[in-house]
Amino acid sequence: AQSVTQLDSQVPVFEEAPVELRCNYSSSVSVYLFWYVQYPNQGLQLLLKYLSGSTLVKGINGFEAEFNKSQTSFHLRKPSVHISDTAEYFCAVSETGGFKTIFGAGTRLFVKA
Amino acid sequence: DGGITQSPKYLFRKEGQNVTLSCEQNLNHDAMYWYRQDPGQGLRLIYYSQIVNDFQKGDIAEGYSVSREKKESFPLTVTSAQKNPTAFYLCATLDRPGSNQPQHFGDGTRLSIL
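Protein chains in written order, with this note's numbering: chain U, 639 to 751; chain P, 383 to 496.
Hint data in this document are derived by calculation from the structure and do not stem from the laboratory.
Just so you know, these numbers come straight off a predicted model, no measurement behind them.
Don't be surprised by glycine CBs; every beta carbon is placed ideally from N, CA and C.
You may find that some hints are simply not true.
[Stated by the list, open to error] In silico lysine-lysine, DSS-like type, Cα no more than 30 Å apart, as pairs:
| hint | chain 1 | residue 1 | chain 2 | residue 2 |
| --- | --- | --- | --- | --- |
| 1 | U | K687 | P | K465 |
| 2 | P | K396 | P | K452 |
| 3 | P | K453 | U | K696 |
| 4 | P | K453 | P | K391 |
| 5 | P | K396 | U | K687 |
[Claimed, not checked] So the derived label-pair ranges between C-beta atoms look like this:
| hint | chain 1 | residue 1 | chain 2 | residue 2 | range |
| --- | --- | --- | --- | --- | --- |
| 6 | U | R715 | P | K396 | 38 to 48 Å |
| 7 | U | F652 | P | K452 | 20 to 30 Å |
| 8 | U | S708 | P | I442 | 40 to 50 Å |
| 9 | P | E397 | U | S708 | 45 to 55 Å |
With the rest of the complex left out, here is chain U (with noise of 0.2 Å):
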């Protein structure tokens, strides 16, 4: 069975510093690879995704994510962050030809003047 574990619940940052989001997913088959980003009272936007091919991933909003398959990991990072950032993300796994996506439990990023 697939499971997602986002391995911090709140990472607090100030503005315009670097800041990594850590996902580490488990899976027998091959995935596909979501981070989403929810702002409050909102549903969820998707920041980026890995399907297959270089895996280094550039999404919205400045935000990349790199897939490496042997730590079974996929970290979302951000050089310089926004005010704006602040939000809860959200990363995702789905099975090839699978009918659900897993989410994990999120983490809040808290983004500090």
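Using the hints provided, position chain P relative to the given structure of chain U.
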């Protein structure tokens, strides 16, 4: 604009009452999903439907029911059997089952007990 509309945005339930959450999409997507979100627990799958007139239970289906009579609509009923209904409910769609594309989400309905 193509999208997913969830209504109402806020909903209150009285003891012993059934309430229905609406989810409508005009993306022409085949698959639709209902998730429950509680603080610190991520998203948990309640029900999903891959095609009209067919749906399957997710991980936490007890106390909930759904229907899929039209491609565009996938309403969720929270029954009186759901003893802890207070949560944020999210509806999502996927273009087709097994697709490599991400799910699209509505803006959610927040349900509280009166």
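Outcome of the hint check:
no.: 1; hint: U/K687 x P/K465; verdict: 36 Å, violated
no.: 2; hint: P/K396 x P/K452; verdict: 29 Å, holds
no.: 3; hint: P/K453 x U/K696; verdict: 33 Å, violated
no.: 4; hint: P/K453 x P/K391; verdict: 22 Å, holds
no.: 5; hint: P/K396 x U/K687; verdict: 41 Å, violated
no.: 6; hint: U/R715 x P/K396: 38 to 48 Å; verdict: 47 Å, holds
no.: 7; hint: U/F652 x P/K452: 20 to 30 Å; verdict: 49 Å, violated
no.: 8; hint: U/S708 x P/I442: 40 to 50 Å; verdict: 33 Å, violated
no.: 9; hint: P/E397 x U/S708: 45 to 55 Å; verdict: 53 Å, holds
The structure fails to meet hints 1, 3, 5, 7 and 8 from the earlier list, while all remaining hints are met.
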